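Please put together the full structure from these sequences, using the hints given.
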Amino acid sequence: MTYDLVVIGAGPAGMSAAIKAAKAGAHVAIIDENPVSGGKLLGQLYHEPDSGWWVGRNIAREMIAKASSLGVAIFRKMEIWGIFPKWNIMLNNGERLTTEHVLIATGAAEKAIPVEGWTKPGVMAIGAAQTLTNFHRVKPGKKVVIIGVDPLSLSVAQELKMAGVEVAGIYPPPATEVSSDKSNPKQIIQGLSAMAHLAPNALLKAAGKAANHPTIKNIAAKCYPSFGVKVWGIPLHLRKTITAIEGEKQVEQVRITAIDGNGNQKNGRTKTMGVDCVCISGGLYPLSELAEAAGCDFVYIEELGGHVPLHSPELETTKDGIYVAGNITGIEGAKVAMAQGELAGTAISSRLGLLQKGSDAISEAQVKVQDARANAVITFQQHIESGREKLAQCWHTNVQTSSGKG
Amino acid sequence: MRITEHPVLGKLEKKPVTFSFNGKKYEAQAGESIAAALLANDIRILRYTEKHGTPRGIYCGIGHCYECRVMVNGERNFRACITPVKQDMQILSQHGEIL
Ligand SMILES: Cc1cc2nc3c(=O)[nH]c(=O)nc-3n(C[C@H](O)[C@H](O)[C@H](O)COP(=O)(O)OP(=O)(O)OC[C@H]3O[C@@H](n4cnc5c(N)ncnc54)[C@H](O)[C@@H]3O)c2cc1C
Ligand code: FES
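From first to last, the protein sequence lines stand for chains A and B.
Quick note: the first sequence, position 75, residue 79 per this note's numbering, numbers continuous.
Quick note: the second sequence, position 75, residue 221 per this note's numbering, numbers continuous.
Check the hints yourself; a few may be wrong.
What the hints assert, rightly or not - In silico lysine to any residue, SDA-like type, Cα no more than 20 Å apart, as pairs:
hint, chain 1, residue 1, chain 2, residue 2
1, A, Lys190, A, Val233
2, A, Lys146, B, Glu151
3, A, Lys81, B, Arg215
4, B, Lys157, A, Val233
5, B, Lys160, A, Gly168
6, A, Lys165, B, Lys232
7, A, Lys146, B, His152
8, B, Lys232, B, Ala176
9, A, Lys253, B, His152
10, A, Lys147, B, Ile189
Calculated directly from the structure, the hints in this document are not laboratory data.
Since we're looking at a predicted model, the values are computed, not measured.
Take a look at the structure:
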């Protein structure tokens with residue numbers, strides 16, 4: 005089959021792009037390996053100050069209905085095993101889709117944090133707990149602890165509590181070479197500044213605001229109470245960590261150890277607490293294997309969450325006709341992903357000659373992405389703006405050198 | 147483990163289907179994943195590793211880590227976290243690593 009646009013990934017970014025392009029009159033296909041479309045939207049549930057509850061599964065449902073009514077071909081439960089020039093998308097059922105324009109919107113995945121005992125049944129990624137609770141409506145456990153202090157873990161802690169799960173505490177991971185920042189109370193306090201809006205807690209808000217000041221950061225880390233600070237009634241610990249997850253066949257208890265203001269364990273002081281589930285939040289990274297397989301150039305930008313495909317202000321990669329949108333370009337919330345999807349959908353429609361004032365529409369869509377970013381309720385990466393600027397500079401340099409060559 | 151009442155999402159609409167796991171019958175919600183259906187029935191152990199026979203459950207929940215492989219209607223290696231449970235489905239926990 006031949007399409008004007010093939011979208012890979014039916015999350016908020018991919019769906020928005022498909023809808024935008026189909027509305028303009030493009031013949032669009034969207035592919036996802038999951039049986040249910042919607043991507044990470046499906047598990048999302050949080051309160052927005054202006055518009056009330058954001059129920060991701062409902063938004064996903066509306067988008068699927070919209071895409072279907074516009075005639076978008078939706079391929080579910082399909083894995084892609086290759087992208088070949090120019091462009092053939094190979095599906096695992098033997099089908100081949102041919103197109104001039106591909107949008108890769110594969111989203112993000114979670115990093116793991118290995119803690120002793122983490123392979124036991126009952127230990128799961130924070131995203132798994134989120135989907136179980138909000139999408140499947142099954143409690144991940146009766147009594148849960150969370151390892152990892154970040155915007156996602158705080159948000160899911162609140163979601164679990166709302167569903168009636170006892171959240172016994174949120175702890176930083178034990179210090180190792182790879183998790184040093186995530187285990188260091190000083191660094192975490194600094195990070196709390198990005199989460200302060202999530203925490204209706206005066207002490208955390210104050211700590212977050214003050215944390216850019218080095219002396220205050222040190223004092224705050226040293227003086228953080230050993231019994232934690234309560235966020236929505238859940239103890240948030242910075243001076244204790246979980247050093248082991250124990251249980252004969254599945255999770256039965258965790259071993260808790262005190263740490264100093266730098267994250268180092270204090271000798272011998274451990275105790276245990278009975279739990280049946282441990283959620284690990286190790287942070288997110290862009291899922292970009294397919295862009296790599298297609299031969300796109302990459303850049304490493306810490307502020308965006310890692311390796312991302314180099315892309316233009318219109319979201320086109322270094323490979324002609326291959327676009328990216330959503331978390332593959334950097335870790336941000338669902339609304340930014342949707343705005344990026346619309347931008348990609350607009351840019352591709354314009355290139356297909358389907359828009360009268362293409363460049364105006366593109367500029368408008370670019371402004372919408374910036375607005376969504378500025379108004380985001382959750383910021384996953386503290387310095388996302390500077391990450392975006394760095395990427396724009398890399399693109400600029402890349403264009404200059406390649407036009408210089410040509 | 148089922149969340150029947152939720153302050154924002156409301157009351158859960160029941161859409162029961164029955165399936166079996168290791169020969170025993172259980173109830174699930176139509177359309178949910180095998181992993182969710184089992185956890186709703188308080189079951190976390192999905193398979194045992196070959197080398198040491200240590201139990202494994204779900205980890206990533208989105209089809210990436212392959213920790214959750216089970217046998218479905220006689221075929222191996224279905225990912226319990228992204229395979230929807232169906233009426234009369236026969237699920238067995240898997241032993242060994244062979245893919
Ligand atoms: C665990 C987790 C929890 C999150 N929670 C929140 C939250 O509470 N609030 C918030 O605003 N943001 C949250 N995010 C950020 C989230 O990524 C964005 O909100 C948004 O969903 C990103 O949209 P996307 O379209 O880029 O990717 P996604 O929503 O991740 O969608 C990508 C889609 O691509 C599919 N896919 C990936 N690879 C392939 C492939 N090879 N072949 C076929 N299909 C493929 C996936 O199945 C998925 O459906 C979370 C992210 C993660 C990882
Ligand atoms: S839990 Fe990771 S693939 Fe199913």
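_Restraint status (C-alpha distance of A/Lys253 to B/His152 at most 20 Å)_ = The hint is violated at about 31 Å.
*Is it true that the CA of A/Lys146 sits at most 20 Å from the CA of B/His152?*
holds, 15 Å
*Given the hint that A/Lys190 pairs with A/Val233, test it: the Cα-Cα distance must not exceed 20 Å.*
holds, 15 Å
*Under the criterion that the straight-line Cα-Cα distance not exceed 20 Å, is the pair A/Lys146, B/Glu151 satisfied?*
Given pair A/Lys146, B/Glu151 holds - Cα atoms ~15 Å apart, limit 20 Å.
_Pair hint B/Lys232 and B/Ala176, alpha-carbon separation not exceeding 20 Å_ = holds, 7 Å
*asked:* Please verify whether B/Lys160 and A/Gly168 have alpha carbons no more than 20 Å apart.
replied: holds, 19 Å
*A/Lys81 and B/Arg215: Cα distance at most 20 Å?*
holds, 16 Å
_B/Lys157 and A/Val233 were given as a pair; does the straight-line alpha-carbon distance stay at or below 20 Å?_
It is violated: about 32 Å lies between the C-alpha atoms, which goes past 20 Å.
*asked:* Given the hinted pair A/Lys165 and B/Lys232, is their Cα-Cα distance within 20 Å?
replied: The hint is violated at about 30 Å.
*Has the given pair, A/Lys147 with B/Ile189, been kept, meaning a C-alpha gap of at most 20 Å?*
holds, 15 Å
In summary, the structure is inconsistent with hints 4, 6 and 9 from the numbered list given earlier, while agreeing with the others.
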